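Residue numbers (the numbering used here), protein chains in the order written: chain A, 101 to 565; chain B, 17 to 324.
In case anyone wonders, no lab produced these hints; they're calculated from the structure. The model shown is predicted, which means the values in this text are computed figures rather than measured ones. Backbone N, C-alpha and C define an ideal beta-carbon position, used for all residues, glycine too. Misleading hints may appear alongside valid ones.
Stated by the list, open to error - As a list, the in silico SDA-like pairs of lysine to any residue whose alpha-carbon atoms are at most 25 Å apart:
hint	chain 1	residue 1	chain 2	residue 2
1	B	Lys273	A	Gln334
2	B	Lys271	B	Asp232
3	B	Lys273	A	Gln415
4	B	Lys86	A	Asn153
5	B	Lys86	A	His154
6	A	Lys143	B	Gln44
7	B	Lys273	A	Lys388
8	A	Lys388	B	Asp176
9	A	Lys143	B	Leu218
10	A	Lys388	B	Glu178
11	B	Lys272	B	Leu218
Stated by the list, open to error - Interface residues of chain B toward chain A, partial, derived using beta-carbon atoms under 7 Å:
hint	residue
12	Ser59
13	Leu150
14	Lys223
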Amino acid sequence: METILAGFIAELRAIGLPVSVSENVDAAAALRAIPLSDRAQVKSALAATLVKNHDHYGAFDVAFDIYFGGRQLGSLAGGTGNGTGEPKVTGFGSGTVLSRLTDDELSELLFRAVSQRDGGLLRAVAGEAVDRYAGIEPGRVVAGTFYLYKTLTRLDLEVLRQRLRESAEADGLSDLGRQLAEDDQDARVDAVRGEVEAEIRRRLIADRGAEAVAATLRRPLPEDVEFLNASRAQLAGLRQTVRPLARKLAARLAHKRRHRQRAALDFRRTVRKSLASGGVPVDLAYRKPRPAKPEIMLVADISGSVSAFAGFTLQLAYAIKSEFSRVRSFVFVDGVEEVTAILQDAADITTVTHRLNLGTSAVRLDGHSDYGLALETFWERWGEQVRSRTSVIILGDARNNYHASRAWVLKAIRQRARHLYWLNPEPVAAWDTGDSVMREYAPECDTVVECRNLRQLRAFVEQLD
Amino acid sequence: MNGRADAVPGEQGDGQPYRFVSPELAGQSLRDVGYLATERISSVVFLGDRLRKPVLVEGPAGTGKTELAKSVALMSGMRLIRLQCYEGLDEAKALYEWNYKKQLLRIQAERTGSQAEAVEWTELEADIFSEEFLLARPLLSAIRAPDPVVLLIDEVDRLDVETEALLLEVLSDYQVSIPELGTVTSVQTPLVFLTSNNSRELSEALKRRCLYLYIDYPSVEREQEIVLRRVPGISATLTSQITGVVRSLRQLELKKKPSVSETIDWAQTLHLFGAQQVSTELVVDTLHVLLKHQSDIEKATAELTAAR
């Protein structure tokens, strides 16, 4: 058991989960206190001792399935024709009864499993479907997404959803009832998808062993998901994590304000104090620093090339907005537009994107980003309002479509502003390749950081001062 | 493999009895006092006792985090000591404080007594810094309690990062160091629960000392069971519709998603109205029980009526 645990923890560390030695010890102690034959209990014991952040559960679940799912299936390795995993619950001798069914009968069975909420049957069907449609080739080093795709297209979940809808409609529900039923059906169809995915994972592990599969199946932690190629679901997950980060950013700047060292001399109080020491001003009294409200100007590229990142930066702007009073947000493609008011009025981020899509003057000509033009426009229209306590944060990949860079604008902004930061969602290696003109902008900024994922963004916030 | 778990009923090295025999039984007793624990919850509660570790419970507001600690206290007949955290909480409020008024009285009593036999200063000092003059605050009283207690540290995330460190000694060693007195070690190990709404990231040091439990919104089935239990006399069909609506609402992007307690309130309201079926009109009319932000209500109303 100890070696399996050690391997598992090594895998968690490889994903990036911080597992300390004392947590390792705890996990071992926890495993000693519970029956090891109970998978669910082993899982919750490990989760409680090793994972201390809810966002990491997703990655943990996958790793657990790989490691401990595979162990039980170890004996089945190689026998592809024989393995639907463990679902002997329903008494379907896997690979025997089910394999004799036609495709239509199988989807009929799937429908029955889903509508009757028969988990065991669902697992058996998923196993058979993977057998039949995925065409897993032993020994191929793949992550299984292709197998998943193949199986799901053949199973045709849309048809399944449709049938569920129809059968529900036959019950004659009210409007609300139908809507509720639909939500319920969606959840059930998602369950099918999850089941097939798990089944494919089990097969891959049986084929190649946990250690080999772990590397390909590894699911990144939310903070390691790259903004530029994150899926919608991943971005939605990020949304949860952004809020505390925005609060931290706000707190950083507020902290800075409280602890300012230099302050003006309070002459009157110094003289008053000096009376105690015979007129010699021993202790100097200072004026309490008047907290200057920090200002942030957020200038974000929302063009197509960084659209996923842009969605994210808007979220960040929105989250900061709710913590901070003085945040002004601007978006640009080849024109630039202030969106502070839109962010302020909107109840949530979806409305914001909706309104932005309705039309802004951020797009002036052809919808290809032109940093030079956008920055110059920004400077002309709002440059006056950049003041000595304003921090300007620019978010973009600096892909200028071979327009003029006009880097002098940045120099001018930097002279007026307190800080000028540039966050680039591309890896450093990609800077200055193609039409990226980061090289021209970089020297004009105080700090230029690569900001591909939440971890890097957090690091940026942390070093701010 | 199975035998190992059963081989340890009763005692551990430190001579204190375990409170729960198995996760299942812990879950069962929680159920008996009206808390429907999932498998994960009961297993973490069990482990918290076995490993003598505090349990950090995180999750959205209103999912029964505080309730869990209360129920554990109730089911095992232990006293509950509660420390409500807030910004600006300090040592004097959380750990201990010297009762300086009483100390002053003591010194004065010494003076006004017989002048002749004035007590030596050192003696007096030792005297006024003794247990008699110590005001125990929640953390210290949990440590000193002779009877088994449950210590609930509520909403840790409201503490400042600096004050969080106050808790560390108590959580890892179950002891409190008082400079004038020495170290107070626990008589019995209290069961400790910390709750957090995740409004800020807790420090690694704190997390490392705890077992972690995340309580999310319950599944539809579990929520149904909760409602059925909390609202006596409600019909099963109404309950399933109620939980269905709540689930749909939670999928919307709201400022504050409806919590379990709000679901119960809503079920109670509908039950009082004598509703047998949930209709769109009824939902829209009573939405304010479930959602507390005007913008959320508007959004949900739009969503519910748009489907028609």
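Status of each hint after checking the structure:
no., hint, in the structure
1, B:Lys273 to A:Gln334, "20 Å, holds"
2, B:Lys271 to B:Asp232, "17 Å, holds"
3, B:Lys273 to A:Gln415, "19 Å, holds"
4, B:Lys86 to A:Asn153, "24 Å, holds"
5, B:Lys86 to A:His154, "23 Å, holds"
6, A:Lys143 to B:Gln44, "20 Å, holds"
7, B:Lys273 to A:Lys388, "42 Å, violated"
8, A:Lys388 to B:Asp176, "23 Å, holds"
9, A:Lys143 to B:Leu218, "23 Å, holds"
10, A:Lys388 to B:Glu178, "23 Å, holds"
11, B:Lys272 to B:Leu218, "22 Å, holds"
12, Ser59, "4 Å, holds"
13, Leu150, "31 Å, violated"
14, Lys223, "4 Å, holds"
Of the numbered hints stated above, those contradicted by the structure are hints 7, 13, listed in ascending order.
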